[in-house]
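Asks: Single-letter residue listing:
There are 2 protein chains.
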Amino acid sequence: MRDLPTFEDVRSAASLLAGVAHRTPVLTSQQLDRITGAHLFFKCENFQRAGAFKFRGAYHAISRLGEGRRVGVATHSSGNHAAALALAASLHGIPAYVVMPENAPAIKKAAVEAYGGRITFCAPTQEARERTLEEVAGRTGARFIHPYDHPHVIAGQGTAALELLEELPDPDIVLAPVGGGGLLSGTALTVRAKIPQSRIFGAEPAGADDARRSFTSGTLHPTYQPNTIADGLLTSLSERTFTLIRHNVDDILTAPDEQIIRALHLVLTRMKIVIEPSAAVPLAVILEHPEKFKGKKVGIILSGGNLDPGIKYT
Amino acid sequence: MRDLPTFEDVRSAASLLAGVAHRTPVLTSQQLDRITGAHLFFKCENFQRAGAFKFRGAYHAISRLGEGRRVGVATHSSGNHAAALALAASLHGIPAYVVMPENAPAIKKAAVEAYGGRITFCAPTQEARERTLEEVAGRTGARFIHPYDHPHVIAGQGTAALELLEELPDPDIVLAPVGGGGLLSGTALTVRAKIPQSRIFGAEPAGADDARRSFTSGTLHPTYQPNTIADGLLTSLSERTFTLIRHNVDDILTAPDEQIIRALHLVLTRMKIVIEPSAAVPLAVILEHPEKFKGKKVGIILSGGNLDPGIKYT
Numbered sequence: 003m004r005d006l007p008t009f010e011d012v013r014s015a016a017s018l019l020a021g022v023a024h025r026t027p028v029l030t031s032q033q034l035d036r037i038t039g040a041h042l043f044f045k046c047e048n049f050q051r052a053g054a055f056k057f058r059g060a061y062h063a064i065s066r067l068g069e070g071r072r073v074g075v076a077t078h079s080s081g082n083h084a085a086a087l088a089l090a091a092s093l094h095g096i097p098a099y100v101v102m103p104e105n106a107p108a109i110k111k112a113a114v115e116a117y118g119g120r121i122t123f124c125a126p127t128q129e130a131r132e133r134t135l136e137e138v139a140g141r142t143g144a145r146f147i148h149p150y151d152h153p154h155v156i157a158g159q160g161t162a163a164l165e166l167l168e169e170l171p172d173p174d175i176v177l178a179p180v181g182g183g184g185l186l187s188g189t190a191l192t193v194r195a196k197i198p199q200s201r202i203f204g205a206e207p208a209g210a211d212d213a214r215r216s217f218t219s220g221t222l223h224p225t226y227q228p229n230t231i232a233d234g235l236l237t238s239l240s241e242r243t244f245t246l247i248r249h250n251v252d253d254i255l256t257a258p259d260e261q262i263i264r265a266l267h268l269v270l271t272r273m274k275i276v277i278e279p280s281a282a283v284p285l286a287v288i289l290e291h292p293e294k295f296k297g298k299k300v301g302i303i304l305s306g307g308n309l310d311p312g313i314k315y316t
Numbered sequence: 003m004r005d006l007p008t009f010e011d012v013r014s015a016a017s018l019l020a021g022v023a024h025r026t027p028v029l030t031s032q033q034l035d036r037i038t039g040a041h042l043f044f045k046c047e048n049f050q051r052a053g054a055f056k057f058r059g060a061y062h063a064i065s066r067l068g069e070g071r072r073v074g075v076a077t078h079s080s081g082n083h084a085a086a087l088a089l090a091a092s093l094h095g096i097p098a099y100v101v102m103p104e105n106a107p108a109i110k111k112a113a114v115e116a117y118g119g120r121i122t123f124c125a126p127t128q129e130a131r132e133r134t135l136e137e138v139a140g141r142t143g144a145r146f147i148h149p150y151d152h153p154h155v156i157a158g159q160g161t162a163a164l165e166l167l168e169e170l171p172d173p174d175i176v177l178a179p180v181g182g183g184g185l186l187s188g189t190a191l192t193v194r195a196k197i198p199q200s201r202i203f204g205a206e207p208a209g210a211d212d213a214r215r216s217f218t219s220g221t222l223h224p225t226y227q228p229n230t231i232a233d234g235l236l237t238s239l240s241e242r243t244f245t246l247i248r249h250n251v252d253d254i255l256t257a258p259d260e261q262i263i264r265a266l267h268l269v270l271t272r273m274k275i276v277i278e279p280s281a282a283v284p285l286a287v288i289l290e291h292p293e294k295f296k297g298k299k300v301g302i303i304l305s306g307g308n309l310d311p312g313i314k315y316t
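Protein chains in written order, with this note's numbering: chain A, 3 to 316; chain B, 3 to 316.
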């Protein structure tokens, strides 16, 4: 397949992001180690700019557009990628056009607007989103930055794992959540290149387990009626992320929503840091499959912290 | 008054706590600086052992009991002090007896039990608590460790400010929440000794403003029917903490619950760290009185992170 990013692209993304993306801390928790029987190292992308790892890929992708970026960038995500793209565009001094369904939650609208993103509303269907995005891009010339099916986005997401490995140079296992697969494929690319003997697992909600089914069968399965509290992981793999994941990932493990909620509560109440449900999925997987992690050094990408404080997660 | 702690006691507490209490981080937030117009430095005692600064005072007070501690310690707090005392006692290998009203929330019971505390339930009145504590102490010989009216507890609480000043050596203002006054008097003692020119403010909920009334009038006023979301700050000053506060504190500022809730949300959603409502009161005071803080370097003790995840704070 054309345009598969390499580990060299991750390194080059890291140079472009230096001094722009936050170097987020790697935290440990004696209490969670005791509960899981493993040694956990959390790479805290909940503290990243705009509240999630997505800033890395969005900023890197814009940087690599060169002069072509001046007309602006566009996307039809309504989640963390949209807010990250709006912030990254504003740092580059260019416009970001975001297509959102008219029923998107107010909090997501507010996040994009806070970073200066220009929102165009559309009907809440995939077809309307794509058509509206084409219209906006046609009118403005803005370049579409896909939330995950994009080599520079994937390379940017891999820089979180690169930083993690500088503080945890000998993990037995590295875990990242998987939705569209941008974070997981960037993470796997990086860990496989730097620490070939480490095992790499994707962590997926049981209620949206297209990546597990695709990985197991060897054929790309789209998500079918996903149903999970982890609202950042509803999307399906692309050919590109599926290819990278098949090459570099050892397994995809799932956990049900009850375990995701338990993991979310443990992080909120024991580590005292705010994460969103999607970021709790790796810990949920450890709680669900404890025998795979007992006594192991485990690196975890805590993907984001945009928890809606108006929702009761119980 | 006898038994007023000095700054030397804070230094000696710091030696006893080294390697036992966590050295918590001092965090900053560009977003909160922009919102307040001040430069804020948060000493994150929400990451302290047992989730609050209280561990410092409890552990220090037990250490200073010498051999007398073997019979155990006791208290009738049901909040963070009880959990901290139970943990500190277990680290010393001695029993902790905690008297709690029978209607105390399950989550508080669970915290004390998790650290091995031995709970005796009593009727939910102040009189029953004191009588039951006397019975328990009489039966076991355990030494009563008051949550704040105790020189070694106050000196222990002052060590958080001592660490803060090592990272922020030139604050214009230092802020700590005030309930019974243990944290504020220990903080003020420390800041006054190390940085005499710094201003020191207590931050109090408007719905439990006994400290402000006592400070303003020069006479100790007990709390009367306190009503605030900041449930760690319902208690009244003692003669001892009042004396220290009058000597070292410049003013007590208050904020209403709406502002405390706004501050709590800002910390959860912008800083992505979990704090409890009482810990949000200093930021609430800054939001309520912005003109006093504009352009200033402000140190804040974020007192604790034991937020009940079952409650919607809106």
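These are calculated hints, taken from the structure and not from any lab test.
Fair warning: there could be bad hints in the mix.
As the list claims (entries may be wrong) - In silico lysine to any residue, SDA-like type, Cα no more than 25 Å apart, as pairs:
{"hint": "1", "chain 1": "A", "residue 1": "LYS111", "chain 2": "B", "residue 2": "SER238"}
{"hint": "2", "chain 1": "A", "residue 1": "LYS111", "chain 2": "B", "residue 2": "ILE37"}
{"hint": "3", "chain 1": "A", "residue 1": "LYS111", "chain 2": "B", "residue 2": "ILE263"}
{"hint": "4", "chain 1": "B", "residue 1": "LYS299", "chain 2": "A", "residue 2": "LEU18"}
{"hint": "5", "chain 1": "B", "residue 1": "LYS111", "chain 2": "A", "residue 2": "ARG272"}
{"hint": "6", "chain 1": "A", "residue 1": "LYS111", "chain 2": "B", "residue 2": "THR271"}
{"hint": "7", "chain 1": "A", "residue 1": "LYS111", "chain 2": "B", "residue 2": "ASP35"}
{"hint": "8", "chain 1": "A", "residue 1": "LYS299", "chain 2": "B", "residue 2": "ASP35"}
{"hint": "9", "chain 1": "B", "residue 1": "LYS296", "chain 2": "B", "residue 2": "ARG264"}
{"hint": "10", "chain 1": "A", "residue 1": "LYS111", "chain 2": "B", "residue 2": "LYS299"}
{"hint": "11", "chain 1": "A", "residue 1": "LYS111", "chain 2": "B", "residue 2": "ARG36"}
{"hint": "12", "chain 1": "B", "residue 1": "LYS111", "chain 2": "A", "residue 2": "LEU268"}
{"hint": "13", "chain 1": "A", "residue 1": "LYS111", "chain 2": "B", "residue 2": "LEU268"}
{"hint": "14", "chain 1": "B", "residue 1": "LYS111", "chain 2": "A", "residue 2": "GLY21"}
{"hint": "15", "chain 1": "B", "residue 1": "LYS299", "chain 2": "A", "residue 2": "GLY21"}
{"hint": "16", "chain 1": "A", "residue 1": "LYS111", "chain 2": "B", "residue 2": "ARG264"}
{"hint": "17", "chain 1": "A", "residue 1": "LYS111", "chain 2": "B", "residue 2": "ARG272"}
{"hint": "18", "chain 1": "B", "residue 1": "LYS111", "chain 2": "A", "residue 2": "HIS24"}
{"hint": "19", "chain 1": "B", "residue 1": "LYS111", "chain 2": "A", "residue 2": "THR271"}
{"hint": "20", "chain 1": "A", "residue 1": "LYS111", "chain 2": "B", "residue 2": "THR38"}
{"hint": "21", "chain 1": "B", "residue 1": "LYS111", "chain 2": "A", "residue 2": "ARG36"}
Asks: With reference to the structure, classify each hint as holding or not holding.
Replies: Here's how the hints hold up against the structure:
no.	hint	verdict
1	A:LYS111 with B:SER238	violated, 44 Å
2	A:LYS111 with B:ILE37	holds, 20 Å
3	A:LYS111 with B:ILE263	holds, 22 Å
4	B:LYS299 with A:LEU18	violated, 32 Å
5	B:LYS111 with A:ARG272	holds, 16 Å
6	A:LYS111 with B:THR271	holds, 15 Å
7	A:LYS111 with B:ASP35	holds, 23 Å
8	A:LYS299 with B:ASP35	violated, 37 Å
9	B:LYS296 with B:ARG264	holds, 19 Å
10	A:LYS111 with B:LYS299	violated, 33 Å
11	A:LYS111 with B:ARG36	holds, 21 Å
12	B:LYS111 with A:LEU268	holds, 17 Å
13	A:LYS111 with B:LEU268	holds, 18 Å
14	B:LYS111 with A:GLY21	violated, 46 Å
15	B:LYS299 with A:GLY21	holds, 24 Å
16	A:LYS111 with B:ARG264	holds, 20 Å
17	A:LYS111 with B:ARG272	holds, 16 Å
18	B:LYS111 with A:HIS24	violated, 39 Å
19	B:LYS111 with A:THR271	holds, 15 Å
20	A:LYS111 with B:THR38	holds, 23 Å
21	B:LYS111 with A:ARG36	holds, 21 Å
Comparing the model with each numbered hint stated earlier shows that hints 1, 4, 8, 10, 14, 18 do not hold.
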